[in-house]
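A.B. asks: Chain by chain, the residues:
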Amino acid sequence: MSPESAMLLAIIIPLVGAVGIAVAARWHVNLREAVTLLTAAALALTVWSLVPDLMEGARPFRHLTEIVPGIEIALQAEPLGMLFAALASLLWIINSIYSIGYMRGNREPNQTRFYIFFAIAIAATMGIAFSANLLTLFLFYELLTLSTYPLVAHKGDEKSMRAARVYLGILLTTSIGLLLPAVIWTYVVAGSGEFTPGGILAGKISGPAVGLLLGLFVFGAGKAAMMPLHKWLPAAMVAPTPVSALLHAVAVVKAGVFTITKIIVYIFGIDFLFAEPSSSWLLYAAAFTIIAASVVALRQQNIKRMLAYSTIAQLSYIVMASAILKPLAEIGAAIHMVSHALGKITLFFAAGAIYTAAKKTEIHQLRGIGRRMPWTTAAFTIGALSMIGVPPTGGFVSKWYILGGAIQADNYVALATIILSTALNAAYFLPIVYLAWFAQEENSDKLTHGEAPLPMVLALTITAALTVGFFFFNNPVLELEAQLVRGLT
Amino acid sequence: MELLGLFHYWVFAILLMIGLYAVIAKRNLIKKLIGLSIFQASVFLLYITMGKVEGGTAPIIQTGSAEQLFSNPLPQVLILTAIVVGISTMSLGLGIVVRIKEEYDSIEEDEIQEANKQ
Amino acid sequence: MTDWGPHLPALQVILPMLAAPLIIALQRHRLAWVAATITSFCSFAIAVALTRGVLDGQQYGYLMGSWPAPYGIELQVDAFSAIMLLIITSASSLALLGARDSLDVDIENHRQPLFYSAWLLVLAGLCGMTVAADAFNIFVFMEISSLASYILISGGSDRRALPAVFNYLIMGTLGATFYLIGIGLIYLMTGTLNLADMEQRIHEVSDLKPILVAAGFITIGLALKAAVFPLHGWLPGAYTFAPHAVTVFLAACSTKVALYLLLRFDFFVFQPNLSGHDIQFTYFLMPLAVLAIIIGSLVALFEQNLKRLLAYSSIAQIGYILLGASLVSSAGLTASIVHFFNHALAKGALFLAISCLAIRCGGTLINDINGAARTMPWTFSALVVGGLSLIGMPGTAGFISKWYLISAALEHGGIGIALTAVILVSSLMAVVYIWRIVEAAYFREREIATAAPQEAPLLLLSVTWTAALLNIYFGLMPELPVTLSMSASELLLEHMP
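Residue numbers (the working numbering), protein chains in the order written: chain A, 1 to 489; chain B, 1 to 118; chain C, 1 to 497.
Excised from the complex, chain A in its bound form (with noise of 0.2 Å):
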């Protein structure tokens, strides 16, 4: 298979693995799930096949369509993005084992249409993933906004509609109203929107209007969740855990920053960027939403929506590692985004195995849970030290790299930035974890549950234990990361 067509495959097996499971369901639910885990392999398998040809450094291209002349549809591979879909891809595995016990274990209604919304939103991720333009890249943004909608609207009660319209809403507007003019706007002044190393827009684009186009597409990069737009993620965590999990940590999110990293890397390059002053203002933005953010979080009692405050501080350290503009924060800011999805998706695996098996979803009800539930919490605890970044956890090195790039730029804010936030992350994990392995327990004589279903066990622990590996064998996506920068200072 050429690492063209297996691009191609990469968006192709999802849908039609959607297909499949509308089909499937007819028969039998198990024949469903085999459905979901065999196009869930085919699609690891088919992405991760195009790693090695990465490596060494080819960019496979594959023209689709073209529907304005000179403006197309076409897919290309690069690191960054080649990261963003071996990520997803193999999480989607995971995670798809763990929907299966979620979803039998809560008795959810309309348990096909998640599944078939679920592909199609895959689908899309790796749309966005291996996209060769902007045009293609915002083709499946959008796509990716609407098939998420019916997970978050799952229920179907007035409650997560009113939450899926905040969803739609926040999603709908940014990317119409402000990510593609920018595009536009891209297309118009460069003659193209080719993701280019180096960038396009050096020379064409200056003064003021810089800043401008970047906050155009910062902010029209809703899913990024940089505040004041922040308010749909947290609206989002009324959907199942399984799609807060993988595409409210992973997927969805990822794709919001990784469009933003994309760009600065790629449209603008980093060192145009560094060069315009008006483009400075990016990096306090995402600092503020970092302490705003971590700060909200601190006063959470819900665990889903303390998590979904951790998770737009953490989104926005990797704004802010490329809004460093230095070639070790752009490292960083990808190494970020799989340290921080493999801890995130592990916090929110053990938050459904706790909702699952003790219908508990407060952090004041975790008290002494460790004892019943002991994978569960060592999980939640390794991914709880991954977001403050403590060593042995994948976001130790992540952190690392930011702050090596901030001191390279001599970049201070950055610097006291990532401090204060390390400190409060610290400061609203710890408790918890404090909470469920050493806190008594309250009415222990009434509570008869164990651990959570095996499938979701088995899948938080084998997301802990990726959050442990990726300290000790990251190698490999430093090298092909490295790549992303060759050639600059």
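Keep in mind that the hints are not guaranteed to be accurate.
Going by beta-carbon spacing under 7 Å, a handful of chain B positions derived as facing chain C [said to hold, decoys possible]:
hint	residue
1	Leu-46
2	Tyr-47
3	Leu-92
None of these hints come from the bench; they were simulated from the model.
Positions of the beta carbon are idealized from the N, C-alpha and C atoms, including for glycine.
With chain A held as given, fit chains B and C onto it using these hints.
C.D. replies: Just chains B and C, lined up with the frame of chain A:
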């Protein structure tokens, strides 16, 4: 004098305005149609009057003075067509009014709107 | 074998016109439907053949009865008319194909042959307006299509259609008469009715008052027919109460033909001959377009009747077309003409989906479709596709026009940014009004008292899906409409001084 010299245009404009006024201001559907009819007729007059050519002749051999007021046949033909169109419009309009009368038992616009609200 | 090629422009009009009276003779309603549908598809085939010819660079000028222009009657087909003919004939064909199921509810069987006959007259009239190269014939064809479409609209069982159609008749006749005054004045000054000849002869009298007045009369007359804001009053009523199949047909093409004539007249005849006319054109039409976009979308936000909602959205969409044209630039005109095509696709698909649900849900109010998507998944997924195209989601036809429109607007600096903002705001309003429909259909509960609606009849459903898929197809491979629109906009701008 110059102004009155073009008096047939004034007639056209006045008739046009009378027709338009009736169409817009009257609430009775038949009166509206009458207005429309006057409105169209004024345009017919415009075409007819402008078809007069001073000093022109028909392409036939004539004896006597060539200096006369000649009617260009083309506008006449055009307006014949327009009259046919006007008649069709009018009859269709009247047909619709008959149907409205059957359904609503009224040809007053206000009463019809009132009935539609219920 | 005779070569039919050169006769195609004439056949385009004559075929449906001759078929119209013949159909009355077919007493049986099913037979009449078959005959009308076949005729319509034949005209579609002719339009396709003409388009292929135009794309190959062929010029179609047809002299009726071989009388030389400007004395005889001339028919003409270029890239602009070709794309119009494609829109008209395909809309008519798809709407007729779907009409079998929806019309049986609306019209008694014995009246159906008459109805189909009127339908073909509308088709003939619209095609005639498109191909005629002489101002008076355009008027005649305009009246043929208008009179027949009054019949179509009032043909349904809803009595509220009658006052609506009366209103349409009055406004339509006023528009046509204004147009007639305009060409009368031009004839007075130039002595010709042939458009090409007119352009030449008007040079001698250009910039004289009567020409300016004529431009005003013609623009207003056609704007009335095209439902340009604020002359749109007749449109919502007419679309809402017409039989559903008729709404599909008329919403897709009837106002667009008037817009087509407006552009054609203005760019062929007036732009080259009135100094500063491009600025008048811009200053007159751009504010109207912006108002149409904003107000049309705003009203649609609060509408309860789905058909009326989409009718107001049409008024906004006409605003888009006008906005592109009012930029008087190559990019703007291309955007505008592409939107002719794409809006027809989107609205066609939407109104087809509406006719599916109207015959099953017992009404077109938004409350009638509560929870209906569960039992009519195909209908509503087609509706979603059409809705996304209307919003302008990438991957659908609507995105292509929005892309062109925004890039055209951005060429104009400061005012371009303001226009872009208008376009985007109204796209967002489109999201809201489409999403109201989606939410009602998918997530609200049906009242217990009413039975769950069945899926729509197969034929109507497959037509609806054809239209929906065309939206996706032309969203991904828009080469055909884009090529045609580009050469059409070149044609129009060729005449600019």
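A.B. asks: Taking the hints in turn, state whether each one holds.
C.D. replies: Verification of the supplied hints:
The closest approach between the C-beta of Leu-46/B and any C-beta of chain C is roughly 5 Å, which is under the 7 Å cut-off, so the hint is satisfied. Interface hint status for Tyr-47/B: upheld, as the beta-carbon distance to the closest one in chain C is roughly 6 Å, under 7 Å. Hint on Leu-92/B holds. Least Cβ distance to chain C is approximately 6 Å, under the 7 Å limit.
The structure shown violates none of the earlier numbered hints.
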